[in-house]
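Colleague: Listed here are the chains, written in short residue letters.
There are 2 protein chains.
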Amino acid sequence: MPDLHELIRQLRKDNDSKIVLLVSDGLGGLPLEPGGKTELETANTPNLDALAQRSVLGMSIPVLPGITPGSGPGHLGLFGYDPLEFYIGRGVLEALGIDFELGPNDVAIRGNFCTLDDKGQITDRRAGRIASEIGARLCEKLDQIELSGVEVFVRPVKEYRLVVVLRGEGLGGEVNDTDPQATGVPPLDPIARDEASQRTAELLKEFLRQAREILREDAPANFLTLRGIAKRPAIPTYEELYGLKAAAIAVYPMYRGLARLVGMDVLDAGTNLSEQIDRLGAVWSEYDFFFVHFKYTDSTGEDGDFAKKVQKIEELDAAIPRITALKPDVLIVTGDHSTPCKLRSHSWHPVPVLLAADTCRFDGSEAFGEAQCRCGGLGQFEAKYLMLYALAHAGRLEKYGA
Amino acid sequence: MPDLHELIRQLRKDNDSKIVLLVSDGLGGLPLEPGGKTELETANTPNLDALAQRSVLGMSIPVLPGITPGSGPGHLGLFGYDPLEFYIGRGVLEALGIDFELGPNDVAIRGNFCTLDDKGQITDRRAGRIASEIGARLCEKLDQIELSGVEVFVRPVKEYRLVVVLRGEGLGGEVNDTDPQATGVPPLDPIARDEASQRTAELLKEFLRQAREILREDAPANFLTLRGIAKRPAIPTYEELYGLKAAAIAVYPMYRGLARLVGMDVLDAGTNLSEQIDRLGAVWSEYDFFFVHFKYTDSTGEDGDFAKKVQKIEELDAAIPRITALKPDVLIVTGDHSTPCKLRSHSWHPVPVLLAADTCRFDGSEAFGEAQCRCGGLGQFEAKYLMLYALAHAGRLEKYGA
Numbered sequence: 179m180p181d182l183h184e185l186i187r188q189l190r191k192d193n194d195s196k197i198v199l200l201v202s203d204g205l206g207g208l209p210l211e212p213g214g215k216t217e218l219e220t221a222n223t224p225n226l227d228a229l230a231q232r233s234v235l236g237m238s239i240p241v242l243p244g245i246t247p248g249s250g251p252g253h254l255g256l257f258g259y260d261p262l263e264f265y266i267g268r269g270v271l272e273a274l275g276i277d278f279e280l281g282p283n284d285v286a287i288r289g290n291f292c293t294l295d296d297k298g299q300i301t302d303r304r305a306g307r308i309a310s311e312i313g314a315r316l317c318e319k320l321d322q323i324e325l326s327g328v329e330v331f332v333r334p335v336k337e338y339r340l341v342v343v344l345r346g347e348g349l350g351g352e353v354n355d356t357d358p359q360a361t362g363v364p365p366l367d368p369i370a371r372d373e374a375s376q377r378t379a380e381l382l383k384e385f386l387r388q389a390r391e392i393l394r395e396d397a398p399a400n401f402l403t404l405r406g407i408a409k410r411p412a413i414p415t416y417e418e419l420y421g422l423k424a425a426a427i428a429v430y431p432m433y434r435g436l437a438r439l440v441g442m443d444v445l446d447a448g449t450n451l452s453e454q455i456d457r458l459g460a461v462w463s464e465y466d467f468f469f470v471h472f473k474y475t476d477s478t479g480e481d482g483d484f485a486k487k488v489q490k491i492e493e494l495d496a497a498i499p500r501i502t503a504l505k506p507d508v509l510i511v512t513g514d515h516s517t518p519c520k521l522r523s524h525s526w527h528p529v530p531v532l533l534a535a536d537t538c539r540f541d542g543s544e545a546f547g548e549a550q551c552r553c554g555g556l557g558q559f560e561a562k563y564l565m566l567y568a569l570a571h572a573g574r575l576e577k578y579g580a
Numbered sequence: 179m180p181d182l183h184e185l186i187r188q189l190r191k192d193n194d195s196k197i198v199l200l201v202s203d204g205l206g207g208l209p210l211e212p213g214g215k216t217e218l219e220t221a222n223t224p225n226l227d228a229l230a231q232r233s234v235l236g237m238s239i240p241v242l243p244g245i246t247p248g249s250g251p252g253h254l255g256l257f258g259y260d261p262l263e264f265y266i267g268r269g270v271l272e273a274l275g276i277d278f279e280l281g282p283n284d285v286a287i288r289g290n291f292c293t294l295d296d297k298g299q300i301t302d303r304r305a306g307r308i309a310s311e312i313g314a315r316l317c318e319k320l321d322q323i324e325l326s327g328v329e330v331f332v333r334p335v336k337e338y339r340l341v342v343v344l345r346g347e348g349l350g351g352e353v354n355d356t357d358p359q360a361t362g363v364p365p366l367d368p369i370a371r372d373e374a375s376q377r378t379a380e381l382l383k384e385f386l387r388q389a390r391e392i393l394r395e396d397a398p399a400n401f402l403t404l405r406g407i408a409k410r411p412a413i414p415t416y417e418e419l420y421g422l423k424a425a426a427i428a429v430y431p432m433y434r435g436l437a438r439l440v441g442m443d444v445l446d447a448g449t450n451l452s453e454q455i456d457r458l459g460a461v462w463s464e465y466d467f468f469f470v471h472f473k474y475t476d477s478t479g480e481d482g483d484f485a486k487k488v489q490k491i492e493e494l495d496a497a498i499p500r501i502t503a504l505k506p507d508v509l510i511v512t513g514d515h516s517t518p519c520k521l522r523s524h525s526w527h528p529v530p531v532l533l534a535a536d537t538c539r540f541d542g543s544e545a546f547g548e549a550q551c552r553c554g555g556l557g558q559f560e561a562k563y564l565m566l567y568a569l570a571h572a573g574r575l576e577k578y579g580a
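For the record, the sequence lines run as chains A and B.
In this text, residue positions in the first sequence follow the numbering used here: the first is 179, and each later residue adds one.
In this text, residue positions in the second sequence follow the numbering used here: the first is 179, and each later residue adds one.
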């Protein structure tokens, strides 16, 4: 039985259609009270509502019912990769999040500066939350470390957080964290979980030995722990899988990194939605598929700021006419997960989906919101199928069987 | 974990219930404009609407979201066989389509007469679209070919199209097409893709050698190419799987063939729906399950003739009282896929389903149409689960576990 990706490879066909995937991060929400409205339903969205009237709506389940996704799985699902099959390790996500260009031979690691006492036991797992400038300076020192046969990169993230990357042939990524998740005990040794990762563990041991030496005088940041040690997943690109030349127009590094992981060209996106759409128009003729990412519906949700999330949705709405003016064959507006202000966090609630195309079965929706999406023609479906809908509505899939 | 079929075998039980599956081919449609109605919604269907009021409705996804099925996968799904697991090769479907009774040891092949120049290169892949009578006469000549250890059948389909069947023990079906899909080049040799098909490839090579000799003087049809070489899938019958004695009442050969593939008795169906229902009544006491196929909602959809498809749906509606008069325990009305007039082709859009049974959870539907089915009690589900609903509503499935 062919799996989903084999099936797509068998059936895909090329044409001149243009597909836009507009991801409003954390779009889905919750009413604050029974009978109330969600953030999206509260927002005044005349453009999305008009679009809904010539669309088909639905609800997307990011991973599985009840499962709350992080940004990585949330986006992989939207991009058509089963997030349970393609796992992105924490180190990889952290590296993507600082625009580090990870190669297939790289092992990426999230590091935390920590404080050791003179017995070598951890007294502070976050090194007193040192200032970002101090972290950056210490990373420069660690970046000088040399290990035999591999390249070493050490990059600051923020405050006490950093990224370490080992680049070299044949390095496995299955190595345990060295953070003991406790104070009053020494850091753990890096232990390989498989044969292929023995050398990685040895190299990290040597890296940590040198780091301890280098940071000796830098208390409270006189050592570091390593976490989320991982290689990037072996993932087919948009070009290989769908035959789509794809562009990512995202402001935030992590989303740029996720797009890069699936082989999208990551374009200069400016600093806000208006500049992103300038870019979209400028490169319209050069690509088949455009991923446009809007961050602020997630961050306002995490802040629990209902009014602000509503306002951000209205900003998104205001940008819609400039996108529809480009006449995409398929325009999808959705989120990678819900981030209800009521919960101040990502959640498992299904995510509103709007798919506008001449080939869709208009479902009589009058507006874009959770209530309408719940009764929409796409029903509830796992996010990994969204790209099938995108391709189908764009005329990019052949019939299966005769 | 038991697969779907194992589970059914474990749980099925016999009783005297009667199940009717009325397949209106390509039933699902599209509104021509936002806010408009589909073909089914436009049609005046008082009988189906009355039936909907004592039914549960839903939407069936033939294969997977976004996947457009051919007739083979579309019907296999309705019959309860995962169309991704049970694949019907093109040669098999072509043989079924001319009512050829394929056995489990048969390799079926679709042939195209073609024209070769004196260098042996193809100049016309369809032999000038010769008349059907000429094709039939040439097939009679080729049917005389003898190959050692196997039977050979050559049957005309239409114009330049024919079917070749090799019948013999131990023949594999994994052989490449000989049609190079181009002119100005010679036909390809039949190449086996696995060990078990080496002999098939050798036999076909000899078949082609003799055919070239026989057709030497028959330009423009002085040779043929072979395509879609395949054996029928190893598929459990309705009797084995469900314990159902099943009858197919279908006018068109392909659907008769698909029914035969799953072990239904293929009955003389006459030439139109009225005669099909005469037959249904006549054999009512002899079977448990009845597959009745109505073709014209698909063909009018393929023609893009909205008014005509509406009219054909109304013809179907008019036949409903004669079916309900037989008092089936379960009556299902659905399609194998959508064929929207707007697209003039099969499509991926989910297909309206109506299931009438005393045991169903009536869902308050007032009419049979896409809008009502979208909100129906069965929700959206993969077609392969339809037979589970049929069996359940007929009281033919035991409880799972204690």
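By construction, these hints were calculated from the structure, which means they are not laboratory data.
Each hint should be verified, as a subset may be incorrect.
Because identical chains cannot be distinguished in the list, a pair is counted as satisfied if it fits within a single copy or across any two copies.
[Stated by the list, open to error] Simulated pairs of lysine to any residue, SDA-like, Cα-Cα distance not exceeding 25 angstroms:
| hint | residue 1 | residue 2 |
| --- | --- | --- |
| 1 | Lys191 | Asp357 |
| 2 | Lys297 | Glu544 |
| 3 | Lys577 | Phe559 |
| 4 | Lys319 | Pro243 |
| 5 | Lys505 | Gly348 |
| 6 | Lys520 | Pro398 |
| 7 | Lys520 | Asp367 |
| 8 | Lys383 | Ser477 |
| 9 | Lys336 | Ala360 |
| 10 | Lys215 | Gly557 |
| 11 | Lys215 | Ala228 |
| 12 | Lys191 | Leu575 |
| 13 | Lys486 | Gly557 |
| 14 | Lys520 | Trp462 |
| 15 | Lys196 | Gln359 |
| 16 | Lys520 | Ile369 |
| 17 | Lys473 | Ala374 |
| 18 | Lys336 | Asp321 |
| 19 | Lys383 | Lys505 |
| 20 | Lys577 | Phe264 |
| 21 | Lys215 | Arg552 |
Colleague: So, for every hint listed, does it hold in this structure?
Modeller: Hints, one by one, checked against the model:
no. : hint              : verdict
1   : Lys191 <-> Asp357 : between (49 angstroms within a copy, 21 angstroms between copies)
2   : Lys297 <-> Glu544 : neither (67 angstroms within a copy, 65 angstroms between copies)
3   : Lys577 <-> Phe559 : both (21 angstroms within a copy, 20 angstroms between copies)
4   : Lys319 <-> Pro243 : neither (46 angstroms within a copy, 52 angstroms between copies)
5   : Lys505 <-> Gly348 : neither (46 angstroms within a copy, 56 angstroms between copies)
6   : Lys520 <-> Pro398 : neither (37 angstroms within a copy, 70 angstroms between copies)
7   : Lys520 <-> Asp367 : neither (41 angstroms within a copy, 65 angstroms between copies)
8   : Lys383 <-> Ser477 : neither (37 angstroms within a copy, 67 angstroms between copies)
9   : Lys336 <-> Ala360 : within (21 angstroms within a copy, 60 angstroms between copies)
10  : Lys215 <-> Gly557 : both (20 angstroms within a copy, 19 angstroms between copies)
11  : Lys215 <-> Ala228 : both (19 angstroms within a copy, 19 angstroms between copies)
12  : Lys191 <-> Leu575 : within (6 angstroms within a copy, 40 angstroms between copies)
13  : Lys486 <-> Gly557 : neither (29 angstroms within a copy, 30 angstroms between copies)
14  : Lys520 <-> Trp462 : neither (38 angstroms within a copy, 28 angstroms between copies)
15  : Lys196 <-> Gln359 : neither (48 angstroms within a copy, 29 angstroms between copies)
16  : Lys520 <-> Ile369 : neither (41 angstroms within a copy, 61 angstroms between copies)
17  : Lys473 <-> Ala374 : neither (38 angstroms within a copy, 56 angstroms between copies)
18  : Lys336 <-> Asp321 : within (16 angstroms within a copy, 73 angstroms between copies)
19  : Lys383 <-> Lys505 : neither (55 angstroms within a copy, 52 angstroms between copies)
20  : Lys577 <-> Phe264 : between (27 angstroms within a copy, 16 angstroms between copies)
21  : Lys215 <-> Arg552 : both (14 angstroms within a copy, 21 angstroms between copies)
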